[in-house]
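Asks: The sequence shown: position 217 = 216 (numbering that gives the first Met the number 0), numbered continuously.
Quick caveat, the hints were computed from the structure, so don't treat them as lab data. C-beta: ideal position from N, C-alpha, C; glycine also. Keep in mind that the hints are not guaranteed to be accurate.
Stated by the list, open to error - Within a straight-line C-alpha distance of at most 27 angstroms, the following computed DSSO-like cross-link-like pairs (lysine-lysine) qualify:
no. : residue 1 : residue 2
1   : K12       : K61
2   : K12       : K69
3   : K180      : K69
4   : K180      : K193
Claimed, not checked - Label-pair distances were calculated between CB atoms; the ranges are:
no. : residue 1 : residue 2 : range
5   : Q218      : Y91       : 21 to 27 angstroms
6   : A56       : H116      : 37 to 43 angstroms
7   : D268      : S13       : 24 to 30 angstroms
8   : T95       : L166      : 45 to 51 angstroms
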Amino acid sequence: MVAVHLESHEYGKSRVRLMRVMRDSDSHRVLELTVAVRLEGDFAAAYTDAENRQVVATDTMKNTIYALGKDHTIDTIESFALALARHFPATYAQVTGARIEIEETPWNAIPVGGRPHPHGFSRVDGEQATVSVTVTGDHEEIVSGLQGLVVLKTTDSAFEDFFRDSLTTLPEASERLFATKISAHWRIARVAAKYEEVRTRARTALIETFATHRSRSVQHTLHDMAVGLLEVCPEVDRVDLDLPNLHVLPVDLTPFGRTNDLEVFVPTDEPHGTIRATIARG
């Protein structure tokens, strides 16, 4: 038999759906979460020797999410993820590290007569709040974020003076539409931060910078969006940003005897540019 060694391993449960209703006041709150658990630890024998005595069943992980969901009044997805991530190493001696990832699908109170209804809600599709919490020994890391936030600007966007060779056909554009779907994740340096306040400031900085920035490329805007977030969020020490360039292409109207003064476009999904970067302090 060929000589091998088990270089790394982890396992867990993915896409555990949880809806939590908080009834601690006359106005209820609803959270819809999708949770993933990943564990590291003393599980090598399960891979190499078919020995399962140390293995915590993934079904147990699912049940833990539901049980702790009942035990905790979930103020923020960060606090719930931290509680879950701390639970597994504290409960099972064979677990040396846990990572919890949560995506939140928001529900808003339905306005009735100009006021939010206390127990009627509508789901908001698209943008999601996210968090990833890793607990290993005494080290705890919280990375909050958002994804699926689609934004567009109709001016102050250009792409010129880029490298050209024999395969380049893209014309330079001094004015173009700029559309993207923001995926942003920021590492919180202080575990006891007020997570929702940080999230509000981070989101505001991202979209305000996008709207007001005089963009010379997606890369240029991405960098300044991250800088804007770091400026208003001292609790954050690193930002990961993913800004796909969702092309919105002007239609050639000359065959129809018309000019197109950047008024008629075709939104496209595929292919699209992929622009990512990590911006850290220091």
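Asks: For every hint, state whether the structure bears it out.
Replies: Here's how the hints hold up against the structure:
About 7 angstroms separates the Cα atoms of K12 and K61, which keeps this hinted pair within 27 angstroms; it holds. This hinted pair checks out: K12 and K69 have alpha carbons roughly 19 angstroms apart, not beyond 27 angstroms. For the hint pairing K180 with K69, the CA-to-CA distance comes to about 34 angstroms; that exceeds 27 angstroms, so the pair is violated. Taken as a hint, the K180 and K193 pair is honoured in the structure, with Cα atoms around 26 angstroms apart against an allowance of 27 angstroms.
A beta carbon spacing of about 44 angstroms between Q218 and Y91 contradicts the range 21 to 27 angstroms that was offered as a hint. At roughly 41 angstroms, the beta carbons of A56 and H116 sit within the given window of 37 to 43 angstroms. The supplied range of 24 to 30 angstroms is met by D268 and S13, whose beta-carbon atoms lie about 25 angstroms from each other. Between T95 and L166 the beta carbon distance is about 50 angstroms. The supplied range of 45 to 51 angstroms therefore holds.
In this structure, the hints that do not hold are numbers 3 and 5, in rising order.
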